[in-house]
Each structure stands twice: as C-alpha cells, then as structure tokens.
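Visitor: Sequence:
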Amino acid sequence: MSFNGTAYHGWQVQPNGCSVQGTLNRALKTLLREDILTTGAGRTDAGVHASYFIAHFNAFKEDIDVDSDLLYRINRILPVDIAVKRFIKVDKEAHARFDATSRSYQYVISRLKNPFNIDLSYYNAEELNIQEMNKAAGFLSYYRDFSCFSKSHTDVKTNNCLITHAEWVLIDNMLIFNISADRFLRNMVRAITGTMLEIGRGKIKSDYINSIIESKDRSNAGMSVPAEGLFLTDIKYPYIIRE
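Quick note on the numbering used here: the sequence shown kicks off at 1 and runs consecutively.
Read the hints as simulated data drawn from the structure, not as lab findings. Please note that the accuracy of each hint is not assured.
Stated by the list, open to error - Once the Cα atoms are required to be at most 20 Å apart in a straight line, the calculated SDA-like pairs of lysine to any residue come out as:
1) Lys236 with Asp91
2) Lys85 with Leu71
3) Lys89 with Asp99
Nothing here was measured: the structure is a model prediction, and the numbers come from that model.
Using the sequences and the hints given, assemble the complete structure.
Guide: Dropping the structure here:
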C-alpha cells in the first residue's frame with residue numbers, strides 16, 4: 001500500500017486523531033464484514049508519507065480470493081490519500097514488522113518554491129555544500145548506536161541500527177537524501193537530515209558528525225526537519241513480496 005500522510009497523525013491508531021491504520025481497519029471491516037486489526041511494518045509520524053508500505057492482518061474467512069475484485073473494492077472504500085496496491089496470502093506466522101530485514105527512506109528538499117510540492121517536500125532554498133553532506137553521510141555506516149538521533153524516552157530495547165546506505169543526490173531542483181538500514185529509531189531520519197543541513201550550511205564540519213554520534217546525546221545533533229519531506233520508500237523481507 002501507499003499513503004499521503006498529510007491528513008493523518010501517523011500510521012498507528014491514535015485515541016484522539018485520525019490514523020492510517022485506523023482508516024484501513026475500518027475499510028477492511030466494511031469489505032470483509034468482520035473486525036480487522038492490521039499490523040504495519042513500522043510506525044510513521046504525523047505528516048510522514050509512504051510510497052511503499054506493508055501491513056498484515058488475520059481474517060476468520062478462509063475463502064478470500066485475493067485475485068478477485070478485492071483490490072478494486074477496498075480502494076473504492078478508502079479515501080483518495082490511501083491506496084492498496086496488492087493483497088497477498090502469506091503463511092500465518094508471517095509478520096509485517098518483525099520479519100522485515102531492511103527499510104529505506106527518502107527525505108525530499110525542494111530548492112525552488114513550488115506550490116505543487118507543498119506537503120510533499122521541505123522547501124529550502126539555501127546554498128548547501130552537497131559534497132560535504134555526502135562526506136558526513138559516509139560516516140554513518142561506521143556506527144551502530146544512534147541514540148543521538150533518537151527521540152527521547154522511546155520504548156525500545158536498543159538504539160543500535162545498521163545503516164547500509166546513505167547518500168544525497170540532486171535531481172533537477174530536488175535534493176534527495178536516501179537512507180537504508182535494518183531498523184530506524186523514532187525521528188531518526190529527520191534528525192540525521194537536520195544535522196546534515198547544518199553541515200551543508202557550513203555551521204559544522206562533515207567529520208564532526210562522528211563526535212555527535214559518539215556523544216549519544218540528542219542535544220548535540222541538529223534540529224529535526226519537518227515531516228512533510230519524509231517518505232518510506234521500501235521494505236525488504238527474506239521472502240518475496242514485491243514484484
């Protein structure tokens with residue numbers, strides 16, 4: 001599935017806000033005529049988008065034909081900013097979150113003011129040293145503990161992540177940060193991006209990111225960039241889902 005997160009308080013069901021998960025649960029309940037609780041591959045914060053997302057659910061009905069008009073019907077029920085791309089029957093032990101081996105994000109910065117990019121990118125027209133930002137990105141794979149880029153007081157057992165790719169690319173007037181890892185901490189990509197922008201502005205040197213990471217202190221890293229520029233773009237599993 002994919003979704004534009006602008007109107008939602010993130011993926012996860014919220015007691016006092018509209019969520020992607022809650023909207024999907026209600027649509028599936030209408031479609032299948034039973035209570036459905038979906039489990040997503042991960043959480044996204046309010047305003048964050050996903051061009052590729054995986055969720056699983058269990059249903060009492062055993063005769064669901066995923067090759068029928070199920071896809072057409074669910075997308076008729078869902079609002080225009082959420083789209084289911086495919087239904088797949090999987091083993092009953094398959095888990096969208098715990099089976100995932102890698103996740104990829106993009107952070108999109110628009111270098112020119114464009115009203116059609118509102119809510120889908122972060123407008124920033126400053127001159128940035130992309131070469132220095134890429135030097136800093138190269139240091140990320142040397143580390144495992146990214147406490148300095150994590151939101152405080154999160155309920156996780158470890159702040160260790162294995163970053164396998166991090167790179168800035170300039171495509172026309174869009175500056176895009178691509179990053180992949182086995183897992184991400186809450187607010188991690190937005191905090192890394194904000195720190196990289198400080199490097200691009202020349203406020204800190206590229207190798208200073210080493211000291212920031214080694215400090216394990218969030219207050220030493222840069223500000224988090226706005227949510228609207230962030231997209232979850234891929235999730236990988238040990239078995240094939242994407243074709």
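Visitor: CA of Lys89 to CA of Asp99, is that 20 Å or under?
Guide: holds, 15 Å
Visitor: Against the 20 Å threshold, does the CA-CA distance of Lys236 and Asp91 hold or violate the hint?
Guide: With a Cα-Cα distance of about 17 Å, the restraint between Lys236 and Asp91 holds, given a limit of 20 Å.
Visitor: Taking 20 Å as the top limit, are the C-alpha atoms of Lys85 and Leu71 close enough?
Guide: holds, 7 Å
The structure is consistent with each of the numbered hints, conforming to all of them.
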